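Engineer: If you read the sequences in order, they're chains A, B and C. Position 72, counted from 1, in the first sequence is what our numbering calls 112; the numbers after and before it change by one each time, with no gaps. Position 32, counted from 1, in the second sequence is what our numbering calls 167; the numbers after and before it change by one each time, with no gaps. Position 80, counted from 1, in the third sequence is what our numbering calls 193; the numbers after and before it change by one each time, with no gaps.
Bear in mind the hints are in silico, worked out from the structure with no lab data behind them. As the structure is a computational prediction, the values presented were derived from the model and not from experiment. Don't be surprised by glycine CBs; every beta carbon is placed ideally from N, CA and C. Each hint should be verified, as a subset may be incorrect.
Claimed, not checked - Derived DEER-like restraints, expressed as beta-carbon distance ranges:
| # | chain 1 | residue 1 | chain 2 | residue 2 | range |
| --- | --- | --- | --- | --- | --- |
| 1 | C | ALA119 | B | GLU230 | 25 to 31 Å |
| 2 | B | HIS407 | A | GLU251 | 57 to 63 Å |
| 3 | B | ASP149 | A | GLU251 | 30 to 36 Å |
| 4 | C | LYS159 | B | GLN177 | 34 to 40 Å |
| 5 | C | VAL123 | B | THR288 | 34 to 40 Å |
| 6 | B | SER251 | A | HIS362 | 36 to 42 Å |
| 7 | B | THR289 | C | SER126 | 41 to 47 Å |
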Amino acid sequence: MRKVIMGNHALSYGAKLARARVISAYPITPQTQVVELLSEMCADKTLDAKFIKVESEHSAMASCIGASAAGARTFTATSAQGLALMHEMLHWASGGRHPVVLGNINRAMAPGWSIWADQNDSLSERDTGWMQFYCSSNQEVLDSVIQAFKVGEALMIPAMVILDAFALSHTYEVVEIPEQDKVDAFLPPFDPEIRLAPSDPHAFGGLTGPEHYFELRYKLQKDMEKAPALIEETGREYEKLFGRHLGLVDEYMCDDAELLFVTSGTAGYTANVAVDLLRDEGVKAGNLRMRVLRPFPFEAVRRIVGKAGKVAVVDRNISYGHHGIFYQEVKSALYGQANRPPLFGYITGLGGRDITHESFKEIAAHALAKDGADEEIVWIGVKR
Amino acid sequence: MKKDKKMTLTLPADELMSPGHLACQGCGATLAMRYMLKALGQKTVLCIPACCWAVIDGPYPYSCLDSPIYHCAFETAASTATGVKAGLEMTGDTETTVVAWAGDGGTFDIGIQALSGAAERNDDIIYVCYDNEAYMNTGIQRSSATPYGAWTTTTPVKHFKNRPKKDIVAIMAAHRIPYIATASVSHPEDFVKKMKKAKDIKGTRFFHVFAPCPTGWKSRPEDSVKLARMAVQNAYFPLFEIEDGEKVTLSLKLKEKKPIADYVRLQGRFRHLKDADIAAMQAEVDARWDRLLKSC
Amino acid sequence: MKEKRAKKIVYRSESEMPAMVISVGSQTHNLTGAWRNIRPEIDRAKCLKCGICWKFCPEPAIEIVDEWPVIDYDYCKGCGICAEECPAKCIVMAEERK
């Protein structure tokens, strides 16, 4: 069935089709429609789930963890300040190996109060041991929720499905809503081997000394290292059933790119338009959209970036005192590689400033005019 | 005593807590756990945040309880328990009792937001605060459950705590939850009776349990039960129930309310107090007791 | 109650450990009797069999065996609550025999 829905409702439909059993969430702009629709679905029993209307995001993630530990498939959604408040519990979910799925609407962090898009909220949680899926369309949002449960539960690692504030969260697009029985065939019920149950009592997460903690974290990393192959495999399985492919990265005209954009989120969609326009002008541009940041898709990035003429990494975020975060990550992935094309890092679109095809043309003009990066950070669109 | 006389046991015989745990000698919190599990039985899941019991249970990969435990974040006893209950129910287990088991710091201070949220929603959990009147696990720092006059490492003798203990029971009563009880490790039969009653009630049930701490109170380990009994008898920690936030019932009528001085003098944390300070404590206890009697 | 004097768990490598941070063994491997410097001794001649020592033991390290309270010295930490609470004063705290 095709429906015209907003990105936030794509998250709700994803959770519904995945048959989330416990949903615990707290409202925050621009996430509210996610939980409004889910609470309606729970109330009218079109979704057989318990919706816990908690008093904070911190409690939302805490109760998701409790429910997941008890063996229930669990979903929540938040944004920016709410995600930051959850920070402690994000570590708890991954360290405890609870495959919660969280929809995060990328929104700029205060102050000043901003409800508009940038990625500093989710990137501040980059090292919490969660998988991160950055979406560029509402269809991808819905599909990613279902896939995130599948991959997450196989590895017992939680996952964030991330979409830009307003550019996706409140934008209506045509979305194919998969049939429930097909989703059920793809995603069987969550049935963890070990759970909180009096019939098989364990103490979860007790005091862990230096003789054990290290190994537990080694195991988390080893399982995270299995994620790239599993995400690809899950994407192929999904494609067979539903006809849509999603993998670690999305390549657009990368093969012969003299100038390769590296993008994420909705800017990654806009970049495709810019690539077409640049190609019309005779510039062989391409776009590598990174759908997954954690686990980092080393193989794909090295392979695709390595064959480009020049590379322009576009960041809607910044690590103050360093650089854009995708830029850092791509740069570090190329260290020691034989093919290291000139790499440029651009910061743009902070706090919801539009990133348009004109922004990409400006980026292209800058990168094409230089032989190498002579300034670490290039700001696009800042008034100075 | 004659060989053939039977032992008198006033509590259920089943032990769901095993020895070998890491509690200090004479720990009141440990007694409280033992009694609670005797009342609730094995089909119980505990959510334990940072508190002495996070350590008492034993380190990974061990536990001293026969029931499952989720060791949760400091401020999340209530919210984790809410999630566990929802998760169990949605996977077909509607019988297991879910308990949030937290110290006074995790209840009165850092966990009060989550507790208030769960109580307002009337989530189907039993919340037990075992109160040893300071952050004992981190080394005796004051909490908002620390009484007026007490020394702690953050309220040194020259600046002892000069504010009264927060009235957590009144706060919980204001949430109009179905059941609230106070209990003391000196009165285990009363504790077990109330816990069994609470088990059969749906909604949020709150227990405030008095649990002496010889390490933090600078009292003798053998005095723990005695101190708890004195606190009941001098009305420092009266035993009562509140149903639906309104109906107050005294569990134990005091024929003669003992003075607080004897109780205070057995504890090193109060050693610096002058008679006038103890009189101030006594006045506060009297006022609270009067309010309680009037509310019955 | 879990099996007493349980074995210690030894993980030789991460591959033996479950992914989740869970307990798989009993804390009874930890013989806390070693903490004790005074030991309770019950005088059966004076014992009323009231069960109060059993009731107030925080370990618990007092079991009922053949209708008598019996102290398990592998676990008794020597807190002295049993002696303090005994109405018959039949428990004395004696110097620990090393």
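Engineer: State for each hint whether it applies.
Structural biologist: Structure-based check of each hint:
no.: 1; hint: C/ALA119 <-> B/GLU230: 25 to 31 Å; verdict: holds (28 Å)
no.: 2; hint: B/HIS407 <-> A/GLU251: 57 to 63 Å; verdict: violated (42 Å)
no.: 3; hint: B/ASP149 <-> A/GLU251: 30 to 36 Å; verdict: holds (33 Å)
no.: 4; hint: C/LYS159 <-> B/GLN177: 34 to 40 Å; verdict: holds (36 Å)
no.: 5; hint: C/VAL123 <-> B/THR288: 34 to 40 Å; verdict: holds (37 Å)
no.: 6; hint: B/SER251 <-> A/HIS362: 36 to 42 Å; verdict: holds (40 Å)
no.: 7; hint: B/THR289 <-> C/SER126: 41 to 47 Å; verdict: holds (43 Å)
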